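These protein sequence lines are chains S and D, in that order.
Under the working numbering, the first residue of the first sequence is numbered 10, with each subsequent residue one higher.
Under the working numbering, the first residue of the second sequence is numbered 10, with each subsequent residue one higher.
Just so you know, these hints were derived from the structure itself, not from any lab.
Some hints here could point you the wrong way.
As a list, the in silico DSBU-like pairs of lysine-lysine whose alpha-carbon atoms are at most 30 angstroms apart [stated by the list, open to error]: (1) S:262 x D:320; (2) D:16 x S:195; (3) S:16 x S:262.
The calculated label-pair distances, taken between Cβ atoms and stated as ranges, are [unchecked claim]: (4) S:333 x D:63: 41 to 47 angstroms; (5) D:163 x S:59: 37 to 43 angstroms; (6) S:45 x D:330: 37 to 43 angstroms; (7) S:237 x D:63: 40 to 46 angstroms; (8) S:42 x D:334: 32 to 38 angstroms.
Please read these numbers as outputs of a predicted model, since none were measured by experiment.
For each residue, glycine too, the CB sits at the ideal point set by N, CA and C.
Number of protein chains: 2
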Amino acid sequence: MKLASLKDASGRRRDGTLVVVSNDLAWYADAGHIVPTLQAALDDWDRIAPALANLATDLEHEAIPRGRFHEHDAASPLPRAYQWADGSAYVNHVALVRQARGAELPDSFWHDPLMYQGGSDGFLGPRDPIPLADERWGCDLEGEVVVVTGDVPQGADRDTALTAIRLVGLTNDVSLRALIPGELAKGFGFFQSKPASAFSPVFVTPDSLGDWWQAGKLHRTLMVDLNGRPFGRIAAGEDMTFDFGTLIAHAAKTRALGAGTIIGSGTVSNCDADGGPGRPIAAGGVGYACLAEQRTVETILDGAATTPFLKRGDTVRIWMEDDRHHPIFGVIEQSVGD
Amino acid sequence: MKLASLKDASGRRRDGTLVVVSNDLAWYADAGHIVPTLQAALDDWDRIAPALANLATDLEHEAIPRGRFHEHDAASPLPRAYQWADGSAYVNHVALVRQARGAELPDSFWHDPLMYQGGSDGFLGPRDPIPLADERWGCDLEGEVVVVTGDVPQGADRDTALTAIRLVGLTNDVSLRALIPGELAKGFGFFQSKPASAFSPVFVTPDSLGDWWQAGKLHRTLMVDLNGRPFGRIAAGEDMTFDFGTLIAHAAKTRALGAGTIIGSGTVSNCDADGGPGRPIAAGGVGYACLAEQRTVETILDGAATTPFLKRGDTVRIWMEDDRHHPIFGVIEQSVGD
């Protein structure tokens with residue numbers, strides 16, 4: 010089952026309108042007679058999900074009224090959420106960043122997940138421009154996998170956490186790199202350096218992902234294009250040190266998580282085949298899911314970063330494909346604007 | 010106008026039922042015929058607030074059906090929120106904590122607010138126990154003032170931010186002190202060390218606060234009792250380095266804030282009359298709004314902290330009084346439980 014939230018043209022309904030989307034992303038059926046919003050569905054999932062699944066089946070059978078699904082009309086599936094907590098599960102990425110600035114990687118980073126609390130009061134739509142007021146902030150993309158949970162009790166273990174995963178999707182976790190060192194030095198984590206993120210046009214139930222979804226990891230290639238050229242083709246199921254069950258359990262150690270919590274993987278990142286830092290696609294590597302990692306590798310190999318951060322007019326595409334090269338979650342496609 | 014959200018006994022309505030509460034906190038009138046939840050009211054404030062204000066007037070005049078308001082029946086006014094961002098506006102508190110561990114206070118801390126992104130997916134009710142699984146986590150209270158905003162555009166200045174303040178209240182921002190050093194050392198800020206907070210039974214519009222609310226500061230004494238004894242009697246309008254307009258503008262520097270954003274002051278803290286670290290109430294001082302500050306002062310004066318963190322069965326009360334010693338926002342009253 011694939012779910013999306015259509016934008017409300019009047020702007021009155023901040024959470025959009027929940028729709029079920031066909032597997033090929035060509036059609037949608039309004040789910041408003043079942044439940045108004047995705048958050049409301051997540052709040053009462055056990056009761057609501059079967060009705061939505063029936064609607065999805067009817068949609069595939071063309072048995073109900075349907076409309077053309079246009080990704081441009083979609084908000085992020087949760088246009089706003091009660092929680093967005095982003096891990097850093099691809100420790101390869103963290104190790105590279107640390108190596109580039111000559112900092113030690115504590116051994117604990119391999120068994121204790123990094124996670125930050127992100128802002129969730131308003132997300133960009135998957136085709137919305139990134140509202141960048143100042144290019145000197147060092148705007149970066151971050152391609153990630155995310156899951157949405159149901160209620161998770163405090164102290165849940167990994168297995169319990171895995172059963173709480175309701176939906177899977179992608180994000181562009183926009184980051185302002187030039188603001189990060191100053192904020193982290195203050196000790197309270199990210200705030201201004203993490204503006205609104207965008208999510209994939211649809212979120213998908215794990216059962217619809219078949220073998221691609223295994224033990225809390227998504228075994229597909231994350232595709233990232235920058236200004237129309239391939240920038241990253243990274244295996245999301247590889248080099249993921251912490252699966253989503255582990256990330257959720259980490260988040261729930263001292264408090265329950267409310268239904269509709271979004272948990273992110275952090276920037277997807279692969280080691281190079283020889284174990285060294287990854288190479289750009291043009292150099293035969295799998296590339297990167299953020300500019301900072303390419304800059305980090307440049308710093309390690311060449312002594313200085315040459316790839317610039319995003320400028321106005323730059324475009325970013327983030328998606329994943331099925332075996333027939335059709336997007337699974339739709340495509341995040343954003344330009345950088347004012 | 011005073012607003013509260015009554016708990017739904019069935020547990021189905023996660024956001025409770027919005028009610029208008031009389032100024033003396035004795036009575037309530039159901040606002041369900043106007044708008045179902047406080048978040049929905051904030052989403053459409055300009056249209057909804059006048060109708061709620063009329064209801065409040067009718068309630069004061071005993072012109073409508075009313076019920077007895079019991080603070081035990083109240084959830085936090087926003088039982089969950091799309092954003093909870095907590096500042097550290099009383100830099101005196103930060104300076105003391107740094108002094109106790111021999112760390113320099115950067116001069117920038119006096120003009121650049123500290124702020125962290127808090128979890129907002131589920132708040133404790135004002136009379137709910139604090140669910141502490143492990144006393145070794147070093148559980149602490151933090152008495153704070155909070156405001157709730159409407160929509161705030163990206164890049165809003167202080168004056169614009171001040172006009173966006175819709176409601177004022179109090180919080181007990183529960184903190185797990187023993188988990189903080191490890192989390193901050195990882196560089197990503199608080200996560201496990203900040204479990205669910207509780208808010209005052211009612212939130213109040215700034216106009217109802219009269220002269221107590223001036224230029225983004227609340228000029229009343231924050232009262233904190235611990236196990237039935239006075240622990241803090243701190244002037245919230247004094248020693249507040251950053252007013253709420255400045256805190257909101259800080260939060261909105263790189264992204265818009267959605268309606269219903271809660272912004273916290275951080276632990277309320279006063280310098281002692283002689284400019285030194287504050288003294289306990291028993292020693293003639295104004296006391297503290299968190300245990301960590303008392304422990305910090307003990308460390309500075311005596312070389313070691315002797316006040317323990319919260320244990321199971323301990324009780325915390327946080328409130329503010331009007332001139333007749335009636336609580337303005339109701340009373341946060343929590344015991345520490347499993």
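Give me the numbers of the hints this structure contradicts, sorted from smallest to largest. 2, 3, 4, 7 and 8
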